[in-house]
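Number of protein chains: 2
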Amino acid sequence: MAERSEDSEEVKLLGMWASPFSRRIEIALTLKGVPYEFSEQDITNKSDLLLRLNPVYKMIPVLVHNGKPISESLVILEYIDDTWRNNPILPQDPSERAMARFWAKLIDQQICVAAMKVAGTIGEERDAAVEETRNLLMFLEKELVGKDFFGGQSLGLVDIVATLVAFWLIRTEDLLGVKVVPVEKFPEIHRWVKNLSGNDVIKKCIPPEDEHLEYIRARMDKLNIKSA
Amino acid sequence: MAERSEDSEEVKLLGMWASPFSRRIEIALTLKGVPYEFSEQDITNKSDLLLRLNPVYKMIPVLVHNGKPISESLVILEYIDDTWRNNPILPQDPSERAMARFWAKLIDQQICVAAMKVAGTIGEERDAAVEETRNLLMFLEKELVGKDFFGGQSLGLVDIVATLVAFWLIRTEDLLGVKVVPVEKFPEIHRWVKNLSGNDVIKKCIPPEDEHLEYIRARMDKLNIKSA
Chain A
1 MAERSEDSEE
11 VKLLGMWASP
21 FSRRIEIALT
31 LKGVPYEFSE
41 QDITNKSDLL
51 LRLNPVYKMI
61 PVLVHNGKPI
71 SESLVILEYI
81 DDTWRNNPIL
91 PQDPSERAMA
101 RFWAKLIDQQ
111 ICVAAMKVAG
121 TIGEERDAAV
131 EETRNLLMFL
141 EKELVGKDFF
151 GGQSLGLVDI
161 VATLVAFWLI
171 RTEDLLGVKV
181 VPVEKFPEIH
191 RWVKNLSGND
201 VIKKCIPPED
211 EHLEYIRARM
221 DKLNIKSA
Chain B
1 MAERSEDSEE
11 VKLLGMWASP
21 FSRRIEIALT
31 LKGVPYEFSE
41 QDITNKSDLL
51 LRLNPVYKMI
61 PVLVHNGKPI
71 SESLVILEYI
81 DDTWRNNPIL
91 PQDPSERAMA
101 RFWAKLIDQQ
111 ICVAAMKVAG
121 TIGEERDAAV
131 EETRNLLMFL
141 EKELVGKDFF
151 GGQSLGLVDI
161 VATLVAFWLI
171 RTEDLLGVKV
181 VPVEKFPEIH
191 RWVKNLSGND
201 VIKKCIPPED
211 EHLEYIRARM
221 DKLNIKSA
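Those sequence lines, one after another, are chains A and B. The opening residue of the first sequence carries number 1 in full-length UniProt numbering; numbering runs sequentially from there. The opening residue of the second sequence carries number 1 in full-length UniProt numbering; numbering runs sequentially from there.
No lab work stands behind these hints, which were simulated from the structure alone. Hints may be right or wrong, so weigh each one.
Identical copies carry no separate label here, and so any pair may be met within one copy or between two of them.
Listed below are the simulated DSS-like cross-link pairs for lysine-lysine, each with C-alpha atoms no more than 27 Å apart in a straight line [stated by the list, open to error]:
no., residue 1, residue 2
1, Lys226, Lys203
2, Lys185, Lys12
3, Lys68, Lys179
4, Lys58, Lys226
5, Lys147, Lys117
6, Lys142, Lys58
7, Lys226, Lys12
8, Lys204, Lys117
9, Lys12, Lys194
10, Lys204, Lys226
11, Lys226, Lys142
12, Lys185, Lys46
13, Lys142, Lys222
14, Lys222, Lys194
15, Lys147, Lys46
16, Lys68, Lys147
17, Lys142, Lys68
18, Lys147, Lys226
19, Lys12, Lys105
20, Lys194, Lys58
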């Protein structure tokens, strides 16, 4: 259990079951042992509550802690680590903290964007997007050499953020019929995905595969993206 | 002087005099009283040193501390605050820290992008970009009510990051002949710019106005952006 957890404490997560950004908050709270109430949001028809709590972005996830709303998943993860100090998510050493933040930012601002391009393009444009995504993933591949997790022996910030690669990008590539992360090129990433898949917190907090694949396939159909 | 500063310590900043991202690192180091060596980089002809120290983005600023390179200005600012603990840049309270990170991220990922669109467009497209920039700035305007700085009585993370608005966006709008941040709509932001302009650290760390305007005008000419 988290050190600062109290019965009177309100911890509420406005999220969406299939969102990697929402799931990463669930992973962090679960790692810390912080009990929370989950409020599933319809992202196609946003609730007044969501619009009121996140007037800037109007997006999930939003963490509400004792009445105070916090938005943006990377900001929320840092907040969780600043608030509940047990089972640290960020390293303690300043330069290791900086590297964790650097990779987390790269995943959200570069890898996620490049991977979305893979889904949204065809032909040569898609080939270029695959190449771009792989070039970025190669930095992560090298980071994993000799480590069980990005965090070393246990899950850390980069592992939590990179579940997007492990369980969203890789599940989607199967449906797209495009191997963005082939095991021959990315043996370390695939070894890491296995480590993640065997972790109890991760098992509890990622979307069940069948429902998730069905959801992704329906999204692809809606966006006119051809599945394999 | 910074608490951990030692004569044997290497603190080197690879930067560029007219870059808001580089200048924010100078502000933070100066606030902390950390002596540093500045290495001016030619961003049109990148040095081997820069490419080696920041192989992912190949961009300034890079802070090198005792041989370890750190990239990405927001990551560097957090590193500086984690390493030299005097004159904190981030608030101590977790929810205030979260809000500072939230606004810093908004400035870099939304306001900066919208403001760049103002420069890069004309006619109706420019009007839309001005509107978008103003809508985002209005959140900052409200944050400043009753405060000297975003950080309260003294400079903090958001002030450092928002120098981009105070001294880059506002200086550029004069050259463009488009008032993106009119004083009637944004009295708090203009009051804050005055406070910033009177601060000794800021005065020391922002580009001298005449040279800066000349540089911006030359950049606009090069990019075929009509100046007023």
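Hints, verified against the model:
1. Taking CA atoms no more than 27 Å apart as the test, Lys226 paired with Lys203 passes in neither setting, with 29 Å inside one copy and 56 Å between copies.
2. Within a single copy, Lys185 and Lys12 get their C-alpha atoms no closer than 40 Å, and across copies no closer than 36 Å, so neither meets the 27 Å cut-off.
3. For a Cα distance limit of 27 Å, the shortest separation of Lys68 from Lys179 qualifies neither inside one copy, at 42 Å, nor across copies, at 35 Å.
4. In this assembly of identical chains, the alpha carbons of Lys58 and Lys226 never lie at most 27 Å apart, being 29 Å within a copy and 35 Å across copies at closest.
5. Taking CA atoms no more than 27 Å apart as the test, Lys147 paired with Lys117 passes in neither setting, with 30 Å inside one copy and 42 Å between copies.
6. In this assembly of identical chains, the alpha carbons of Lys142 and Lys58 lie at most 27 Å apart only when taken from different copies (18 Å versus 36 Å within one copy).
7. In the homo-oligomer, the alpha carbons of Lys226 and Lys12 never lie at most 27 Å apart, since the shortest distance is 37 Å inside one protomer and 50 Å across protomers.
8. Proximity of Lys204 and Lys117 under a CA criterion of 27 Å is satisfied in neither setting, with 30 Å inside one chain copy and 43 Å between copies.
9. In this assembly of identical chains, Lys12 and Lys194 lie within 27 Å of each other by CA distance neither inside one copy nor across copies; the values are 30 Å within and 40 Å between.
10. Proximity of Lys204 and Lys226 under a CA criterion of 27 Å is satisfied in neither setting, with 31 Å inside one chain copy and 56 Å between copies.
11. Proximity of Lys226 and Lys142 under a CA criterion of 27 Å is satisfied in neither setting, with 32 Å inside one chain copy and 45 Å between copies.
12. In this homomeric assembly, Lys185 and Lys46 never come within 27 Å of each other (Cα to Cα): the closest approach is 41 Å inside a single copy and 29 Å across copies.
13. When the C-alpha separation of Lys142 and Lys222 is checked against a cutoff of 27 Å, the pair qualifies neither within a copy, at 36 Å, nor between copies, at 39 Å.
14. Proximity of Lys222 to Lys194 under the C-alpha cut-off of 27 Å is found in neither arrangement, the shortest distances being 31 Å within a copy and 51 Å between copies.
15. In this assembly of identical chains, Lys147 and Lys46 lie within 27 Å of each other by CA distance neither inside one copy nor across copies; the values are 41 Å within and 33 Å between.
16. For the identical chains of this complex, Lys68 and Lys147 are inter-copy neighbours only, at 20 Å across copies versus 37 Å inside a copy, given an alpha-carbon limit of 27 Å.
17. In this homomeric assembly, Lys142 and Lys68 come within 27 Å of each other (Cα to Cα) only across copies, at 18 Å, whereas the closest approach inside a single copy is 39 Å.
18. In the homo-oligomer, the alpha carbons of Lys147 and Lys226 never lie at most 27 Å apart, since the shortest distance is 37 Å inside one protomer and 53 Å across protomers.
19. Taking CA atoms no more than 27 Å apart as the test, Lys12 paired with Lys105 passes in both settings, with 25 Å inside one copy and 23 Å between copies.
20. In this assembly of identical chains, Lys194 and Lys58 lie within 27 Å of each other by CA distance neither inside one copy nor across copies; the values are 35 Å within and 32 Å between.
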